[in-house]
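*Asks:* Residue numbers (numbering that gives the first Met the number 0), protein chains in the order written: chain A, 0 to 473; chain B, 0 to 208; chain C, 0 to 305.
Check before you lean on any hint, since a few could be wrong.
In silico BS3-like links for lysine-lysine, alpha-carbon gap of 30 Å or less [stated by the list, open to error]:
id : chain 1 : residue 1 : chain 2 : residue 2
1  : A       : Lys351    : B       : Lys109
2  : B       : Lys80     : C       : Lys273
3  : A       : Lys437    : A       : Lys285
4  : A       : Lys342    : B       : Lys207
5  : A       : Lys89     : B       : Lys72
6  : C       : Lys47     : B       : Lys23
7  : C       : Lys273    : B       : Lys72
8  : C       : Lys23     : B       : Lys23
9  : B       : Lys109    : A       : Lys414
10 : B       : Lys23     : A       : Lys424
11 : A       : Lys139    : B       : Lys109
12 : B       : Lys109    : A       : Lys255
13 : B       : Lys207    : A       : Lys347
14 : B       : Lys80     : C       : Lys276
15 : A       : Lys139    : B       : Lys80
16 : B       : Lys72     : A       : Lys139
17 : B       : Lys72     : C       : Lys276
18 : A       : Lys188    : B       : Lys109
19 : B       : Lys72     : A       : Lys90
20 : B       : Lys109    : A       : Lys196
21 : B       : Lys23     : C       : Lys273
22 : A       : Lys285    : B       : Lys207
Since the hints were made in silico from the structure, they are not lab data.
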Amino acid sequence: MIILYFSIAFILASLVFFFKNQTVNRIMSGLFLLSQIGFNFYSISNIGKYDSIYYKFDALGGLFSIVLSILSLATFYHSYLYFQRHEFSKKQESAYYSALIMLIASMMSANYAENIALLWVSIEATTLFVSLLIFHERTKDALEAAWKYLFISSVGVAIAFMGILFFSMAPGINGLSTLSLNNLIMNAKDINPLWLKIAFLLVLTGFSAKMGIFPLHTVTVDAHTVAPPPISAFISTSLMNVGFLGIFRIFTIIAKTSTLYWAQNVLLIVGIISITMSAIQILRTKHYKRMFAFSSLEHMGIVALGLAAGGIGYYAAILHLVFHSFVKASLFYQIGQVHSIYKSYYFKDTGKYFKFYSLGGLAFLLCFVCITAIPPSGLFISEFLIFKALFIQNRIIVAILALVLLTVILYVFGKNTLHLLYADKPENVDLNNVTINKFETLSQFVLLGLVIYLGISPPIFFTDLINSAISILK
Amino acid sequence: MIDIFIILYSMTLIYFALAERVSKYVILLFIQGVLLFCVLFFSLYKIEIFDFIFILLETILVKAIILPWFMNKVRRQNQLKRENDTYIPVFYSIIIVVICLLVSFFLSSKLQDTQIHSKYFTVAFASVIFGIYFIIIHRNIFSHVVGYLIIENGIFLISLALGSKMPMMVNLAVLLDVLMGVLVLGIFVNRIGNTFESVEIGHLTQLKD
Amino acid sequence: MEVLSIFLILLTALLIPGITGMTKAKIAGRKMPSVFQPIKDIIRLFKKGAIYSTSTSFIYKVAPLVYLSSVSVSILFLSVGSKISLISFHGDFLLFAYLLAIGKFFMIISAMDTGSSFEGMGANREALYSMLVEPAFFIIIASLALFTDYTSLNELFSNMHISSNFSYVIGIAASYVLLNTAMTENSRMPVDDPKTHLELTMIHEVMILDNSGFDLAIIHISSWLKFSIYGTLISKFIIVTTLPFYIQAVYFIIIQMILAIVIGFLESFRARNKMEKNPQWIIMLSAIAIVAFLSTLIISQKIILN
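Kindly produce the complete structure, drawing on both the sequences and the hints.
*Replies:* In structure tokens:
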């Protein structure tokens, strides 16, 4: 079934690429969305089954795929609006859509891959397509960011491959299936712990370029700043989920062995350093898109802390990822709107947004409340659970340090958001001939409402998915 | 017999540290591809015959022919002649290459395990470390791509050292990915050369606070 | 019979510069000089008197003699093929290397003794390059010593050919390193151009700029003897010891001739390095020697790696 999905995606992408026609783009994107949602329903209804030897519809992959589908709906909608607002050549537009379709297909492949080698191949494929998308606007900044992202991601993923090679020495089935997750989890106790440690370190370093935590986080920040707004929203959410999935799979392999405690220490260090760096950089930056790109770094640091904490921390980490995806996506969509009005990415050029366009201002205010984990945001619940798990595990100093840093970040966000919304407008900004699409903010309210609803009263279906995803770690 | 090729491979690493002209890098990449092919050819005892021929062909084609040819094309299009001023003078780079080799030698003699073929592992690990060092000291993005290819050659040797049971199909996938990656990287090098009028990374500094 | 090997070394020492000159002339398209041309030059120099500057001390007069005598004594440590050398004891390769170094040291201080700035500059560079190339020789000998468990030059070479598989590998690496070491120590291409007339770019030539007559003749002879010494070392890697001695002697002479021709080729076709590039090039030789050493460790399984 998944092979069918891939072939549909590939055919649609090539059709879009070869017929450089706008209506073809829209029809093919619509068809792709339909097949995406249909495949998602199929995979959710068949949770736990294998498919095409190397794929398995497991719970965590299913959860991330639901997030991916919802976000891809929003992405296609916003891309459509983005192309209406800006002028691009037909070739660029069709390249954009075909790269986007292939990107979503490779992310689905990474979500469901059961064999680690296939996971690696999918992640490398996403790197290629993302760099093509970042380069879409063809400016100098875009070129620089796309080059840095592609190069450092490739080096990082190559390092991760070195780590994966260490797993191929595991006992068990011969051949390619040595790297199947099932096999590795069963035989994890028989692997030399030194290999496990080396492999974990290498994979963590390599996939940190995708997930956006220390050490290779810098390229994700640059890429999210420069990409077109619908793409920034997409890659700073779903792609980080894919990066997390890569690290999480390796984590599940070592979860039952004696290296678990060591790995949790490593994740703790990585998480706290990520939050520290993010706090330092957020204090300095004056570019609001870059500021919110650093906020992704901070949230991924919190997720790493959740994994390091264990117990309820596992549940909270995955919850945090899901909520963060929705909130960050709506935030970046709103930033796209703000930029189209003020034509500048710096805070000093903005002001009086609330008065000018109240609906957008309201959305921005809600985004601010949600991303800084103020109740009733769902992020409040996940962060609360993560800190609770940290205190239970007696990691008090780390937890207090993280709380202090989060306060600093909250202060900076609050200051800048209130400046954007309520401060006096600078003189050189001309707001007269901007057209605002009233329906653009609809997607953001839907996403934010989803976050609040899922935080306050999550449906049984949702909690069951998460619980079965982390059942392997117990 | 394999020992000779591994020794020659480590000598190419030393020549990478010594060389200053960009065309020499391309020639050395070609030599490394041929050496890897020879190493693969003589390790007959691991794999069945059909996979084996396929992998041999694919290695020699991608590593020794397509990649150097493509890099040469990019080099000619951007008219790169000489590497100007690495961050560390060449004299110290040679010393550092030797230190890399010694360090990986001691590491591999500590990691004694029946499943690792330490003969390959020494040179492979040194190649990865040297590739990272190469990327750090050079100012030219073309040299960065060359460093990336050195890392990939090292990883190929590691997979020979470690993968006692893994068939070469994974290597096939990796090679294809690397090929795609380098093609896209080459396109970007051309673009950067055109847009910024030079390929030095001193020009790629716009994205900061 | 051991004296025969010394005789062979001396004979080839006289022939090497002639053959090198003939090769270079042939490649350059000029008419070839005779093989005995360098010997005739030496005889001409012997007939001249030497001039000593008033700013020099006794070192300047003594240094060429020390140079010649140290090189001559070091010949006594070598032998051709399977013969035993005249002097041999444990660790004699150290004495061998440092005898050559004493000669070089006296040349360096005699160059500085003249007080000329050019000669001081040449002495400076010569000292640096000798320092950088010294590890190469020692590491090659050390890998041999590791392999055969002996420390005398004689026994090293005589026991090396027992396992012939390995001797190819080490033979190729050692020949390459020793050839380039010979070129460096004798100040030939690509380190130094013997034909250059620009003092700022000379290294060895500028050190002997003020020597004349008898001293200059001795210095030239010493340089030829050094070439022959390195050629002997290289030939010991190549000649198989099981053959009867006269065939080994013939092999030896042929190898020296080939060495002279190769030197002629290298001199004709290579340009001299940029001055900054010389230290890099020389330390690359030491690096290759270290690689050969590591591979000895692996191949001879002193450190067991599977």
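*Asks:* So, against the hints stated earlier in the document, which numbers end up violated here?
*Replies:* 1, 6, 9, 10 and 11
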